[in-house]
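**Student:** Take a look at the letters that make up each chain.
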Amino acid sequence: MGDVVPRIAVDALTMQFGSYLVQRNVSFEVKRGSIFVVMGDSGCGKSTLLRHMVGLVKPAAGKVLYDGEDFWAADDDRRADISRRFGVLYQSGALWSSMTLAENVALPLAQYTRLAPSEIDELVSLKLALVGLRGFENYTPSEISGGMRKRAGLARAMALDPDILFFDEPSAGLDPLSSRRLDELILELRDSLGATVVMVTHELASIFAIADDSVFLDAEQRTAIAHGDPRNLIRDCPHAKVRRFLARGETAANVA
Amino acid sequence: MARPASTAPVRAAGSAAPQIRVERTDEGIVRVAVSGTWTRSATLARGDEALRAVSAMSPPGRLQVAAVDLEGWDSTLIAFLLRLHAAANRAGIPVDWEGLPDGVRRLVELASAVPERAGTARSGERASLLAQVGGWAKSMVAETHDTVRFLGEVVQALVAFVRGRAIYRREDLVRTIQETGAQALPIVATISLLIGLILAFIGAVQLSQFGATIYVADLVGLAMTREMAAVMTAIVVAGRTGAAFAAQLGTMQGNEEIDALATLGIPPVEFLVLPRMLALALMMPLLYVYGCFIGLFGGYLVGIGLLDLGGQAYVDRTREAVGMTDFAIGFVKSAVFGAVVAFAGCQRGIEAGRSAAAVGQATTSAVVSSIVYIIVIDAVFAVLLNIMGI
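Protein chains in written order, with the numbering used here: chain A, 1 to 256; chain B, 1 to 390.
Chain A with its partners taken away, still in its complex shape:
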């Protein structure tokens, strides 16, 4: 598309809680329509990075820019406007447990649109059908399985047709087939809605199946040590650690 301004730019971001440094000086750009993966070993701060990007935690230093606009420099109203374009799928689905699936998906619609209740119902049924949960409208989150909760969470994240979808470990805890279906769904969403996807995961199968760009956070050096398409990184990355990670510890030559 030849965009000059990236959809998301993270610029010299430092994440810190009190005196505990999580990551420092992390910079990367996410192109429009890309499926971008944040990877790294356990405990390196991947989910924390996501929480900084969606506006839950203010960075200790550095910027997060959306279409060139500094998210944290904007005032509250403007920030709310920007974040209305986000859809976030949390690790556990994070459905509101006192509401049915339909009410979960309907809440953002009721909040930010002027649709009539019957129109909202139609949209809710559509979103639930897209994730394979047709007919589960009146179930509460405790009555369905973990995989279904995750899919329902995705339906809610898609409620407002967001431009940017954030996923926190979407395939964690899913069986291989469900995980594959979710990958296909993510690809489909990107292609049909033109959304940009940012995904925290260390599921190698998903990474190679759908990601086209990535950043690797290192827990020891506490910063990003590699960027790029994971399919290239596994061969060309100068850091042996990244190659080993992507090859699941086997020598890169056998896999690539």
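Honestly, I wouldn't trust all of these hints.
Said to hold, decoys possible - With the C-beta cut set under 8 Å, the calculated list includes, among others, these residues of chain B facing chain A: (1) 190; (2) 252; (3) 260; (4) 265; (5) 326.
Source of the hints: derived by calculation from the structure; they are not laboratory data. Backbone N, C-alpha and C define an ideal beta-carbon position, used for all residues, glycine too.
Following the hints, put chain B in place on chain A, whose structure we already have.
**Tutor:** For chain B alone, kept in the frame of chain A given last:
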């Protein structure tokens, strides 16, 4: 021996006690030989001598560990060998595991392969008294700051509510009203009845000495309306509803439900805290009125049943003693208590950490701080009313 010890641990094989032999050679080599049955069920061999011998060694030396007539082993042997290994590492001497069965050697290697991650060891050492006091003071400041900020958010949410802009679901408000109000009636009734009875008994013991038992009606009436009904109802509700609020919101925090609201631009305080506070501030005065009448009824039962007072006389005396002001005081107090209990419960819940233990702590501290708030506010009311002379 049923199987060669080199393949797998042999459990409960022979009965020979585990033994350690330590030999020192002239070239600075220490040989440690383990034998017998090394299992959890066998009596443990004391490895102190071997460890001391290894610790006393110095670099040019060498440690050789071997199995001699080893009849069976499990993790107890590996644990001992690891201690030897650590002692040898500290002394800076190489260890030769050649004489051990393959399985033992592989486990020792596996356990010592990943070095301890730097910075993960936590010292169990206690800080000095001064540091403890300092830490406590700092955490008090931080906690007060959090409470004031939460209070500010609640006030903002209330302003939004008054202006009709608050985002919450009416169903949630209605459901919370039902849970905190109607469903609390039985427990409030039980407690209030008993409090009424107890007050009447205490009063009767004293007043009967002066032949003034009719004033039991005054005592029960004033105590229930001004103090006991409001305070006891609030304490029951703190244990029942305040704890429930903290547990609900704490679990929602752990489940990222509160983050999900925030990223949608829905203020969690408006959506979750506001309906709970409104429900409790509305229901608590009603529970108070209910508790009052039940408590007065308890006093009445003691009055006519045990003190031989006339029913009509007791009722008349109560009406004379208790004015609308006394009711109004209890009513206003209980509305404040309701808001405070909901505030403490919601605050602890929202600020809870993301684990099951944290939810438990949040619940406990919600109840404790509610009760402290109730008593302190009651005392403030007592002082103010005294100054105002009502």
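**Student:** Hint by hint, say whether it matches the structure.
**Tutor:** Each hint, compared with the structure:
1. 190: Residue 190 of chain B check fails; min Cβ-Cβ to chain A is 29 Å, beyond 8 Å.
2. 252: OK, holds: residue 252 of chain B within 8 Å of chain A, min 7 Å.
3. 260: At about 4 Å, which falls below the 8 Å cut-off, the nearest Cβ of chain A leaves the hint on residue 260 of chain B intact, so it holds.
4. 265: Constraint on residue 265 of chain B satisfied, holds at 4 Å.
5. 326: 39 Å, violated
Hints 1, 5 from the earlier list are contradicted by this structure; the remaining hints agree with it.
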